[in-house]
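2 protein chains.
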Amino acid sequence: MQMEDMIMVSIDDHMVEPPDMWKNHVPAKWADQAPKLVRNEFGVDEWVFQGEATSTPFGLSATVGWPSEEWGYAAGAYTELRPGCFDVHERVRDMNANGVLASMNFPTMAGWNARTFAEADDKELGLVMLQSYNDWVIDEWCAAYPGRFIPCCLVPMWDIDETAKEVHRVGKKGCRSISFLETPHIKGYPSFLSGHWDPMLEALCDENMVLSLHIGAGFECIARPPEAGIDHLMVIACQVSVVTAQDLLFGPTLRAFPDLRVALSEGGIGWIPFYLDRVERHYDNQKWITNSEFGFGPTRPSEVFRRSILACFITDPSGLEARHRIGIDNIAWECDYPHTDTTWPESPEFLWKELQGAGVTDDGEINKITWENACRFYDWDPFEHIAKEDATVGALRALAKDVDTTRMSREEWRKRNEAAGVGVF
Amino acid sequence: MQMEDMIMVSIDDHMVEPPDMWKNHVPAKWADQAPKLVRNEFGVDEWVFQGEATSTPFGLSATVGWPSEEWGYAAGAYTELRPGCFDVHERVRDMNANGVLASMNFPTMAGWNARTFAEADDKELGLVMLQSYNDWVIDEWCAAYPGRFIPCCLVPMWDIDETAKEVHRVGKKGCRSISFLETPHIKGYPSFLSGHWDPMLEALCDENMVLSLHIGAGFECIARPPEAGIDHLMVIACQVSVVTAQDLLFGPTLRAFPDLRVALSEGGIGWIPFYLDRVERHYDNQKWITNSEFGFGPTRPSEVFRRSILACFITDPSGLEARHRIGIDNIAWECDYPHTDTTWPESPEFLWKELQGAGVTDDGEINKITWENACRFYDWDPFEHIAKEDATVGALRALAKDVDTTRMSREEWRKRNEAAGVGVF
Chain V
1 MQMEDMIMVS
11 IDDHMVEPPD
21 MWKNHVPAKW
31 ADQAPKLVRN
41 EFGVDEWVFQ
51 GEATSTPFGL
61 SATVGWPSEE
71 WGYAAGAYTE
81 LRPGCFDVHE
91 RVRDMNANGV
101 LASMNFPTMA
111 GWNARTFAEA
121 DDKELGLVML
131 QSYNDWVIDE
141 WCAAYPGRFI
151 PCCLVPMWDI
161 DETAKEVHRV
171 GKKGCRSISF
181 LETPHIKGYP
191 SFLSGHWDPM
201 LEALCDENMV
211 LSLHIGAGFE
221 CIARPPEAGI
231 DHLMVIACQV
241 SVVTAQDLLF
251 GPTLRAFPDL
261 RVALSEGGIG
271 WIPFYLDRVE
281 RHYDNQKWIT
291 NSEFGFGPTR
301 PSEVFRRSIL
311 ACFITDPSGL
321 EARHRIGIDN
331 IAWECDYPHT
341 DTTWPESPEF
351 LWKELQGAGV
361 TDDGEINKIT
371 WENACRFYDW
381 DPFEHIAKED
391 ATVGALRALA
401 KDVDTTRMSR
411 EEWRKRNEAA
421 GVGVF
Chain A
426 MQMEDMIMVS
436 IDDHMVEPPD
446 MWKNHVPAKW
456 ADQAPKLVRN
466 EFGVDEWVFQ
476 GEATSTPFGL
486 SATVGWPSEE
496 WGYAAGAYTE
506 LRPGCFDVHE
516 RVRDMNANGV
526 LASMNFPTMA
536 GWNARTFAEA
546 DDKELGLVML
556 QSYNDWVIDE
566 WCAAYPGRFI
576 PCCLVPMWDI
586 DETAKEVHRV
596 GKKGCRSISF
606 LETPHIKGYP
616 SFLSGHWDPM
626 LEALCDENMV
636 LSLHIGAGFE
646 CIARPPEAGI
656 DHLMVIACQV
666 SVVTAQDLLF
676 GPTLRAFPDL
686 RVALSEGGIG
696 WIPFYLDRVE
706 RHYDNQKWIT
716 NSEFGFGPTR
726 PSEVFRRSIL
736 ACFITDPSGL
746 EARHRIGIDN
756 IAWECDYPHT
766 DTTWPESPEF
776 LWKELQGAGV
786 TDDGEINKIT
796 WENACRFYDW
806 DPFEHIAKED
816 ATVGALRALA
826 KDVDTTRMSR
836 EEWRKRNEAA
846 GVGVF
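Protein chains in written order, with the numbering used here: chain V, 1 to 425; chain A, 426 to 850.
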């Protein structure tokens with residue numbers, strides 16, 4: 001296999017929701033209460049919901065087209081963004097330019113754990129908008145290009161019954177996953193150990209869907225020094241995935257729901273060999289704690305982990321070297337478009353070099369890591385819609401020869417987009 | 426090399442301080458205010474200091490001689506312990522039986538961060554007792570067997586000036602390290618980033634001593650779910666070492682003090698390859714944060730890490746496989762006698778098997794891991810006192826043929842020790 005022959009499926013990217021997303025999905029009764037995009041006096045686009053500005057469309061969340069000197073906290077307008085952030089047609093062109101067949105997208109304005117809707121004072125309104133978001137994801141964003149997007153929805157986590165119902169509802173519509181809090185106890189919700197979420201987990205199993213736990217919602221899980229800059233948060237972010245894995249593995253969750261599948265999104269993979277060594281030693285050496293095998297019985301904790309968990313990486317050279325200690329079936333790749341950590345538009349080069357460097361030269365192993373594990377785990381088959389020979393890096397890039405991947409300043413983007421009427425709402 | 430030829434130096438063990446430790450070191454004026462061991466109505470030995478019971482001698486802290494079914498939280502008496510926990514002569518016999526040449530010991534009653542003295546209402550009294558503890562460590566415990574113990578002391582962390590003075594004082598007496606808080610900000614002290622501790626760090630550099638940061642004092646750094654059992658804490662404990670490394674590396678500490686050497690005690694090694702991958706990617710990709718290389722300049726963060734940090738492991742098979750990604754000069758071994766995680770009395774078998782399994786078959790690499798890195802880092806030379814041929818696993822074990830390593834119940838230990846007058850104070 002050569003780089004051009006790879007098939008790349010990313011299980012962690014993000015869309016910046018376009019302002020017209022509510023148009024076709026909010027019932028008439030609620031239409032004028034949908035979130036609205038308003039450009040404020042500073043030229044910043046703000047989402048206004050229930051009379052309050054809830055978020056601006058980016059900051060660090062859509063830096064993909066910019067030189068790194070312009071990354072930062074400053075809010076701005078849609079016109080300053082690379083259009084692939086919010087326009088699905090441009091997104092697919094950008095995926096083609098990067099050789100990426102398919103992608104699962106987490107939200108931006110909604111909060112990748114439904115924050116915007118969960119914080120609504122009027123919970124009925126919150127639920128209506130959350131369902132409208134979900135319908136837009138499935139029926140518009142993902143449906144626009146069959147075989148290119150794995151649908152991922154949100155749940156109304158303030159109400160466990162509605163949450164279970166919403167899992168069933170979106171499951172019936174073809175959704176493959178929900179995005180949820182990696183450490184719910186950190187956000188004031190019951191923990192995974194509490195049993196509170198069991199109806200949701202049961203619904204996910206019933207619908208054969210994946211629980212996707214993206215890093216970020218649990219940052220406060222680790223108490224950083226008051227002087228620590230954003231570096232500390234960014235570098236140690238994946239340590240929270242270790243905490244999540246532990247909560248699920250030594251809490252009852254993964255044993256109570258043997259069919260449950262959990263993706264640790266953007267959590268990296270390199271921490272897993274050390275973690276599995278720790279749990280195996282703990283299982284063997286600390287049985288006094290429960291006077292038993294912690295309820296694992298003959299199925300050792302590393303087996304439960306590998307049965308239930310998919311981890312993914314953007315760049316993770318030592319994790320790839322240790323792939324057999326992780327589990328060759330438990331590793332997927334992600335692109336993280338349009339965030340700062342993305343390797344776009346050189347993901348194939350980046351990934352290929354890293355695979356080669358780690359000695360991943362076997363075609364079977366490469367395929368597992370680049371697409372097979374993701375498609376199996378999410379039970380999602382792009383080849384119902386796209387022939388395999390049209391799905392490779394080489395084939396997709398051939399479609400995208402006219403895509404300009406040059407980085408441009410925010411100001412240049414603004415001029416170009418305004419002239420073309422792109423990002424003007 | 427064969428297993429019997431290894432030389433083993435452990436940089437993390439613990440002594441359970443014997444009650445007569447204060448006898449020779451507390452100035453007469455304060456003698457009656459030294460901590461006293463009192464057997465309470467339940468037959469539990471308690472350390473009483475300033476009128477309060479501050480700690481019992483164990484619980485989980487001295488399980489070495491017991492079957493694992495008896496491990497747990499129940500407090501007890503010295504007579505229930507394997508005497509090697511508190512008697513230096515018995516300790517050396519136990520080290521011989523385990524083929525261990527040398528050991529660095531952290532405290533138990535004192536708290537391995539001087540907790541007992543730091544919490545004293547009378548700070549002058551706290552300092553007197555802390556200095557008495559330090560003098561006992563150097564002049565009795567370690568001096569009893571030259572070449573067998575690396576002296577490690579405590580500092581009066583409630584007073585930074587006294588802390589710096591104490592580092593100098595014990596350094597002049599031959600101490601090689603101090604034990605300190607891994608995340609001081611978690612215990613209400615200023616963080617490593619604050620600059621508050623700089624006089625201590627400067628003193629350590631002046632005395633060519635090591636800052637040893639043992640896991641445990643920072644457990645609260647990670648917010649666990651309310652239902653989580655001790656498993657969670659035990660399995661993810663080493664994640665706090667990642668936080669510590671980050672605080673030191675991206676805070677100014679390791680760059681401000683290029684001569685500072687920091688040991689992450691009981692922190693494991695397997696997390697390091699992933700962590701170094703993360704910091705290297707961060708250094709290359711996120712320069713926007715500081716508009717520079719985070720102050721690292723041409724010395725990359727992984728180089729600073731390897732220049733400054735020594736990590737150690739009890740059992741860590743994947744870490745050993747990834748030893749060259751960690752740094753072959755940055756890995757040391759530990760025994761963790763007398764805690765539950767110790768591999769005593771089969772540490773040579775355990776370690777040898779793990780080294781072989783990870784492909785560590787080169788004599789040079791084995792020596793670095795088992796003793797050379799430790800001795801270089803702590804600048805401590807056992808061979809001033811003991812010939813190398815007498816320091817091997819085989820040579821030491823030959824001295825210890827009469828040591829009975831059988832596990833016995835607490836009750837059996839109590840009978841045996843009481844009959845022999847051992848542990849009766």
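In case anyone wonders, no lab produced these hints; they're calculated from the structure.
Don't take every hint at face value.
Stated by the list, open to error - Calculated Cβ distances over 12 Å to all of chain A for the following chain V residues:
(1) Gln33
(2) Ala53
(3) Pro146
(4) Gly147
(5) Lys173
(6) Asp247
(7) Asp362
Claimed, not checked - Estimated spans, in silico, between C-beta atoms of each pair:
(8) A:Pro615 - V:Ile230: 12 to 22 Å
(9) A:Gly620 - V:Ala223: 12 to 22 Å
(10) V:His196 - A:Asn449: 53 to 63 Å
(11) A:Glu771 - V:Glu303: 53 to 63 Å
The structure displayed is predicted, hence computed values, not measured ones.
Note that CB positions come from ideal geometry on N, CA and C, so glycine has one too.
Verification of the hints:
no.: 1; hint: Gln33; verdict: 36 Å, holds
no.: 2; hint: Ala53; verdict: 25 Å, holds
no.: 3; hint: Pro146; verdict: 34 Å, holds
no.: 4; hint: Gly147; verdict: 31 Å, holds
no.: 5; hint: Lys173; verdict: 32 Å, holds
no.: 6; hint: Asp247; verdict: 6 Å, violated
no.: 7; hint: Asp362; verdict: 19 Å, holds
no.: 8; hint: A:Pro615 - V:Ile230: 12 to 22 Å; verdict: 21 Å, holds
no.: 9; hint: A:Gly620 - V:Ala223: 12 to 22 Å; verdict: 19 Å, holds
no.: 10; hint: V:His196 - A:Asn449: 53 to 63 Å; verdict: 58 Å, holds
no.: 11; hint: A:Glu771 - V:Glu303: 53 to 63 Å; verdict: 26 Å, violated
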